[in-house]
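Trainee: If you want the building blocks of each chain, they are given just below.
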Amino acid sequence: MSGKIKITIIEPSEIVSTGLKRIIESYGSFSVAKTFCTIQEYCEMPNGNPDIIIINPMLVIDNGCSEPKSLLQTNDSTAVVAINYGPYDEDAFRDYDGYISIFNTREQIEKRLSTALKNTSDKETDDNSNELSVREREILTAVAKGKTNKEIADEFNLSIHTVISHRKNISHKLGINSIAGLTIYAVMNKLLDVDDF
Amino acid sequence: MNRIHTFTAKTKMAEIITDYSLLTIIDRLNIKLGFGEASIDEICRRHNLSTDLFLMICRVYAIDGFSPEIGNLTNSDIPKLIGYLQRTHKYWIESFFPNLHTNIHTMLESCDERSAKILNKFYDDYDEEVQKHLDYEENTVFPYITSLVSGDKNDRFRIKDFEKNHSNIEEKLHDLKNIVIKYLPESASQQSRINVLNEIFKIENDLNKHSVIENKILIPLVSKYE
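Chains A and B are the protein sequences, given in the same order. Residue numbering for the first sequence follows the numbering used here, starting at 1 and increasing by one per position. Residue numbering for the second sequence follows the numbering used here, starting at 1 and increasing by one per position.
In short, the hints are calculated from the structure, not lab data.
No more than 25 Å apart at the CA atoms, straight line, and that leaves these computed lysine to any residue pairs for SDA-like:
1. B/Lys177 <-> A/Leu132
2. A/Lys118 <-> A/Arg22
3. A/Lys173 <-> B/Ile194
4. B/Lys182 <-> A/Ser77
5. B/Lys121 <-> A/Glu138
6. B/Lys216 <-> A/Thr35
7. B/Lys164 <-> A/Gln73
8. B/Lys12 <-> B/Ile63
9. A/Lys168 <-> B/Glu129
10. A/Lys6 <-> A/Met45
11. B/Lys182 <-> A/Arg135
12. B/Lys121 <-> A/Asp193
13. A/Lys190 <-> B/Lys117
14. A/Lys21 <-> A/Thr105
15. B/Lys12 <-> B/Asp27
16. A/Lys34 <-> B/Arg158
17. A/Lys190 <-> B/Asn178
18. A/Lys6 <-> B/Glu204
19. A/Lys145 <-> B/Ile181
Label-pair restraints from in silico Cβ distances:
20. A/Lys111 <-> B/Thr6: 24 to 32 Å
21. A/Asp193 <-> B/Ile181: 20 to 28 Å
22. A/Lys111 <-> B/Glu15: 35 to 43 Å
Beta carbons: idealized from backbone N, C-alpha and C, even for Gly.
Looking at chain B on its own, in the form it has when it is part of the complex:
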């Protein structure tokens, strides 16, 4: 049973690390392990991170359907939040997607030519889409927000534009998962299919929660300061 509902600033930091995703959050926020008996509040203060923001991100990950409200957050939380999102992107780009690509490639080697050809194209297109999605955030959205926080008003872009253009990169991955489970011919190697599915299961939740953080925390917080 996840006790995160009852966690407060006074809870020991060590108690919050109950699963893989919460461990990932700590790492993405650059919080080093070895908390001893320190409370969440103490560790956050040491890292110059607001406890409210930290608990909010943990709750998004730990509680399905949790809808965060930005309440006490201020613009001083924005740089930390951007840093968190950027480290997530970095992990996807440098580690997750290359891994998935290798696994898909291995799986397709055992497939008939027809399936291999179309799935290869599907994945290449998807890869390009993800790259575009992340490039847009890294090169347009985040720099805009960073300059806004440092007091630079820019009329050419508004966070609303991001909200409108925020495409969904989960959909095709979800489709790919079902294709591998349901429709890829039996001749494709079972182990390589399982490897691909394991990778997708690992990232699905991360992608979903990441969009919640962008849509429900980042966008409202930034629009408050525009």
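Extracted from the complex, chain A is given alone in its bound form:
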């Protein structure tokens, strides 16, 4: 496994994303795993849980959404950082874990990314979220029974986004991603009977 901090960039301007990638990779401890031009492209690609997503906030606004994290369906351990072009109001980035401006220096960018990452991991430990919640156990059981996200959303009266976000959190806590692996967990913990599958 790579020890570097994995970053994904979602930015429509190639000039900006290429420049940013170059600066970030010059630090040595970060690596840019993928770059995307749109949120749709990002959502279509399996992206292996990056540590940080740097996104142009205009893309979030264009999607008619103010909550970047639910739009990107990130799990709790991914820091979402805005990349801003113009003059800004700090309040505009309340829903992000941090922001950088294209006018920041190399050092400022590195510092802001590290801070965003640290805040995110602190928050995660604070949550003491290593045990599954009741809702997560219910969803895990449904997943192990082979139900689709849509079926689970209907059953529990949730949006599909929320179901996906629960599933990401479950996988993150257990360290198990595949449905087959989750099923084993469910059976071993008696959430599911061994004859159910």
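Guided by the hints, dock chain B onto chain A, whose structure is given.
Mentor: Positioned in the frame of chain A, the structure of chain B alone reads:
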């Protein structure tokens, strides 16, 4: 400290063999040990292998997060690369997976019936998935590439199809590792668990680097010649 960043064609071949994975690469490229003082360049020439390709594969293995760029590689490098990938598959199929299977089997003998039953099924399914994955590469992708290199145009398949269908065989192994570490009941024999985990640790890196070579070297190189 790994000095592979500074290695060039003029470095002695013997100096590059600093760990287990680099030794494996040499073997998979059919390079025989006993280099004497010969440089990387000399040994590669003797084996009719491009130095660029050789160093690129070594760097993928030695440097985590290294993203190769095919730059100077040409279609004459493709057969060597395919040979390398095929020998890797052969090692997995003939040696690694049968070993892992034996170890898992031993571990499950010491488990309660419930855990043994589901894990057995999990592993059998995984085994089948790996077999399918490798069969697809061996029987569809590699023959297509080989005929492309020898000048045969084939419209029914494109390397893009491979890129799309290139499934991930690391995920379930990663899950299995965590299940053995975290969730298998304590009653399962400790030594047999450690044996299984050691096998998984050994292959994880190999599987990851192998996908980097397929996705970042093979696919771009072939699509350049389609």
